[in-house]
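Just so you know, the protein sequences line up as chains W and F, in that order. Read in order, the letters of the first sequence correspond to residues 1 to 232 in the numbering used here. Read in order, the letters of the second sequence correspond to residues 1001 to 1339 in the numbering used here.
By construction, these hints were calculated from the structure, which means they are not laboratory data. Please read all numbers here as calculations on a predicted model, not as lab measurements. Among the clues, some could well be false.
Chain W is faced by these chain F residues, among others (derived, beta-carbon under 7 Å) [said to hold, decoys possible]: (1) S1047; (2) R1079; (3) A1084.
Ideal Cβ positions, reconstructed from N, Cα and C, are used throughout, including at glycine.
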Amino acid sequence: MELIWDGIREAARLWWAGDAQIIEITLRTLAISSAATALALVVGIPLGAVLALRRFWGRGLLVASVNTGMGMPPVVIGLLVALVLWRSGPLGGLDQIYTPTAMVIAQLLLSLPMVVGFSLASIQSINPRLIGQMWAMGANRWQVLWLLIRETRLGLLAAVMAGFGGAISEVGASLQVGGNLAGETRVLTTAMVLETGRGNFEVAIALGVVLVVLAFAVNLILTAVQQRRFIT
Amino acid sequence: MTASDAHLQVRDLSVHRGSVEVLDIAEIDIPRGQVTVVIGPNGCGKSTLLGALQLVLHPTRGELLLDGEPMSANPVRTRRRMSAAFQEPLLLSMSVQSNVELPLRLRGVDRDQRRGAAELWLERFGVAHLADRHARQLSGGEAQRVSLARAFASQPEVMLLDEPFAGVDAPTRAGLIADFAQILSVTRPTTVLVTHDRDEALRLGDYAVLLIDGRVRQTGEPLDIFDHPLDREVAEFVGMDNVIERSRWPWPIAASDGGYVCVRSEQLSLSRGSGAVVRKVELIGPMVSVSVDVDGVLLAAQVSRPQWSALGVGVGDEVAVCADAEAIHIIAAEQGTPT
């Protein structure tokens, strides 16, 4: 028990002192996970809309893949990205293994199925006649997508939360493709693994508190937006 | 009407649902600046036709022309010349004002113009006081008024309406139709109004297209269709309760073979006398529906409650039945050639 209290006290001290290393890791974590989530939204929402609104050959297979992807273990994603970006792999020439870019790709692949799945469910719940009305009002394809996003914003915010939560909290894939290089690819989760292994529990706890507070703060903001009853 | 007067033209249109052909229309010309009512029984293809005109359905074959140009050449541009309102108001999750401004926003109209147009049309439909309210906070009648204001706000050339008054209660409906008719009389867009309501068709329609089983069975002025149906099914749809084969008609009538004699129940009068036997009596609101047997032919008549009381007869009693010659419509043996 004392170990835990010591850890929390040390975490508070590190934060109070503005520990440069923790701040740097925190900012990198935010940057990588935000980039991955943003990309997942840009790709995932239109993909979810297409799966929700169109009927085509292979659609069922794609939906099943998305649902499987939502439960895909991060280490499997990490392995796949590592194989592709490995120096002898198909995209090895890009020299991106053990870089923040590789971590963004891995986190993107993790959060993408969640964004697609949530978008698909939200858009499918819209009255199809309302979509007909959007076309009838003279909307073009992109305007219909914009109106769909607007109408399903509650569900889509859940997609953002799930996507960001999945990205920021995963550790396996980030270790595999990022390598946990100090000052380059070290993020909160990988740093926690390292410090726990070293027995530096107070630092690990400090990092854990930051991670939890960060995830909570982001979700608090998104929840506040989601629960505003009438967004005009 | 000649084809050159037509604003919208439907040519050889066929729409399938699965393997079933639900619409098969050789030709319809929708006149410019008039209200064309599309009428017919449930499932006759009215809404399918409207869906095709909105370019949201994919016809199996055929052509839709707006001002003589194919509508499908540029669907978005075509839709921006039109507006639509449906039985459900289908408002988006935003304020009333934003809903009415939306079609203009989609067309890239600037904010001030949008605001002005929305205020004008909300005012005309008597819902300006609701402008800041969220669409989810409206009653059914209010929402439908907002939906119609939205349809008019973009000042469309063509208005496509699918039973827009069917979802509201009777008193609200009467007021809404009155306001709508008044606005239409001023703005005069080319309007296609789908309805199953005969009174609505007669009140609002300048021209009517009657569909049965996905095919056009009769076109013309609504009153003319209601008074002079071309065939038996049309006669039944327009409320001719007595459609009797000519050979069985119990009174003398111009000699000809085949065909039907049609008369509305309210145009048969009953009086004390003989010649018919009362078989069934039903009270329908302020009216009494009476089924009478004339030489083995059952005819439906309708009289007011005071008239019925004054007759003082009941089931099994004899009465005299009389039909005004002008009220009788005869359908010739060959469908399509009424006499």
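Unsatisfied constraints (hint numbers, rising)
1
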